[in-house]
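Chain residues, written in single-letter form:
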Amino acid sequence: MRREPLLNAAVFLGLLAAVLWAKAMDEPFTITLATRVAILALAGVGLNLALGLGGLVSLGHAVFFGIGGYAMGILASHAQSYSPLIEWPVLIEGTKSMPVIWLVAMAASGLAALGIGALSLRTSGVYFIMITLAFGQMFYYFAISWPAYGGEDGLSIYVRNGFPGLNTLDPIQFFAICYVILGLALWLFSRLSRSAFGLALGAARQNAERVMAVGIAPYRLRLVAFALSGVITGLAGALFADLNRFVSPTMFSWQTSGEIMVFVILGGVARLFGPVVGAAVFILLEHVLGGLSEFWHIYLGAVLLVVVLFARGGIIGLIAGREVRHD
Amino acid sequence: MSLILFIEQMLNGVQFGVMLFLMAAGLTLIFGVMGLINLAHGSLYMIGAFAAAWVAGMSGSFVLALIASLAAAAAAGALIELTVIRRLYDRDHLDQVLATFALILIFSEGTRWLFGSFPLFLEIPPYLSGPVTLPGGIEYPLYRLAIIGVGLLVAAGLFALIARTRIGIQIRAGEADREMIAALGVNISALYTIVFALGAALAGLAGALIGAIQSVQVGMGEPVLILAFVVIVIGGIGSIKGALVGAILVGLTDTLGRVLLPAVFAQFMAPQAASSVGSSLASMSIYILMAGVLVMRPSGLFGKA
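Residue numbers (the numbering used here), protein chains in the order written: chain F, 3 to 329; chain Y, 112 to 416.
In short, the hints are calculated from the structure, not lab data.
Just so it is clear, CB atoms sit at the ideal spot from N, CA and C, and this is done for glycine as well.
One thing to keep in mind: the hints can contain errors.
Claimed, not checked - Cut-off 25 Å, straight-line C-alpha distance, at most; resulting in silico cross-link-like pairs (SDA-like, lysine to any residue):
#, chain 1, residue 1, chain 2, residue 2
1, Y, 415, F, 18
2, Y, 415, F, 212
3, Y, 415, F, 210
Said to hold, decoys possible - Coverage of chain Y stretches by chain F, computed from C-beta distances (three or more under 8 Å per stretch; other residues unrestricted):
#, region
4, 295–301
5, 393–401
Unchecked claim - Derived list of chain F stretches under chain Y, where covered just means 3 residues or more per stretch with a C-beta under 8 Å from a C-beta of chain Y:
#, region
6, 30–41
7, 203–209
8, 218–226
9, 292–302
Chain F with its partners taken away, still in its complex shape (with noise of 0.2 Å):
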């Protein structure tokens, strides 16, 4: 218990330091590494939120990173191509601005969260596995055949989008939006693990008759946290779309929803930083064993499964030890 906040600190700390020293070095592309895991700890942040403090074993968390994504696609191309969104009943016009694509993003991605979580939460188990896995496929294909946004192709932006007073083209600047937002996130994770919600919602996971003879619903706390992390997963969605300059259908396919997942088991479930660990030791694995071995898959595969097999907890329950769950 003592030691996993120091960890937690250390391993905060310690992206900072990597993206500082990479940028005195000069290596731009160790921080876009950096940004990399910061953006995909942030969707695996939200996906905490279902899967570790609800239970929602989720594997369509895809669809959510996926609409973030377009919608930074779909209105910066508007912007890029100065022709409008949609010219009536009102006239809406693409941007550039990454505020207003993020909440277009969250807005977005938490009405889908909200659409498929009502009628997903009405089954459990396996059910559940599956039926987010059926509305992660369904807008897939749906983005591979619509024509007007790329289909199979994607869509390329030219310029990475304006955040007023930065440059965003540093590599350092857009780091670190993506880092106080990463941080935003999780200060956000920790208050609602701790709030009455939260612990409701875990109440709910470990025993949901029990919750429902004192009176309170599972049904609502689960939405609401469903809900809740596909927002989250969306605006990570619309950062990655950003870093990379590129939206395509694999943002909605369910090897994204597979990964985002692994970052969580990774790292270690319901644990704060688990998703933050995840996706570093992700990336580090696919940095070094990529340039080992063309067929790096085959290590992560058996990373995976040791941990899967032998480390239950994750990486953070191995160094820290598994006392924080009790169920």
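Fit chain Y to the supplied structure of chain F, relying on the hints for placement.
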């Protein structure tokens, strides 16, 4: 649309459904008996297809290729059951999803490493190629008809196996109460390995049969895997009958949706827009079907409530 074209499309839908059944039967058996979600089932399908393409390339015999696909997939299934899957039975679904996701990564990259990234091809043998004329003057490819036949035979065999044989009784008893049949002296872990290998062999057979129509390549298993999941969720997890009904339903919805929806939209939209809206709706149609079924019946058509 002419009646002949419609019947042809119906047959295509049934053929697709029968193939999905081969995948879904194994998945639903494994889930029903062991309570395991196996994402790596698509990898077994891929292994079957690669084994068939490789053996057909070496020997030139399609029958040998089919036998090889069954053997390779069953062996791979038994191997992963003994090494990995066995440890997952009393874990929660999350661990099962993750571990079998890891197996997909290992199998896909391993196959890419062995066979390269280029697709292999499996030829339809001469005695099964060409069209056949059905009553009513409908010309239909013999090979697709053969797939329907093989699939229905396997379905009948599976029903007989579950309902009539000793091992079928043990499987059903294992589904109902695992401790009890272990206490009655049935070797439960051997039974599990057999069930897993049986499911794997069916997936391998499906891969080999489809490999002759499509190309054999890494990653071919996952789209089919997800459809097979849709099938067993619609049918009710654990039910073979549900898997058969769900498979035909999904096969028909998918095939007919692709043909009919663009035509329907063309009635009241510009042709260009109709074909794009129609085809995007068609590719979503089975997921809409599944969501609809689950909203009405949260544990599938034939599932235990």
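Hint-by-hint comparison with the structure:
1. The straight-line distance between the Cα atoms of residue 415(Y) and residue 18(F) is roughly 52 Å, outside the 25 Å bound, and the hint therefore fails.
2. As the CA atoms of residue 415(Y) and residue 212(F) are separated by approximately 24 Å, the hinted pair is consistent with the 25 Å bound.
3. A C-alpha spacing of about 20 Å is found between residue 415(Y) and residue 210(F), which places the hinted pair at or below 25 Å, so the restraint holds.
4. Remark: the region 295–301 of chain Y is not confirmed as covered by chain F, as 0 of its residues place a Cβ nearer than 8 Å to a Cβ of that chain, below the required three.
5. Figure legend: the region 393–401 of chain Y, annotated as covered by chain F; annotation consistent (5 residues with Cβ-Cβ distances under 8 Å, at least 3 required).
6. For the region 30–41 of chain F, the assignment as covered by chain Y is violated, since 0 residues bring a beta-carbon within under 8 Å of that chain's beta-carbons and 3 are needed.
7. A stretch counts as covered by a chain when three or more of its residues have a beta carbon under 8 Å from one of that chain; for the region 203–209 of chain F and chain Y the count is 0, and the coverage is violated.
8. Counting residues of the region 218–226 of chain F whose C-beta lies closer than 8 Å to any C-beta of chain Y gives 0; at least three are required, and the coverage claim is violated.
9. Figure legend: the region 292–302 of chain F, annotated as covered by chain Y; annotation consistent (5 residues with Cβ-Cβ distances under 8 Å, at least 3 required).
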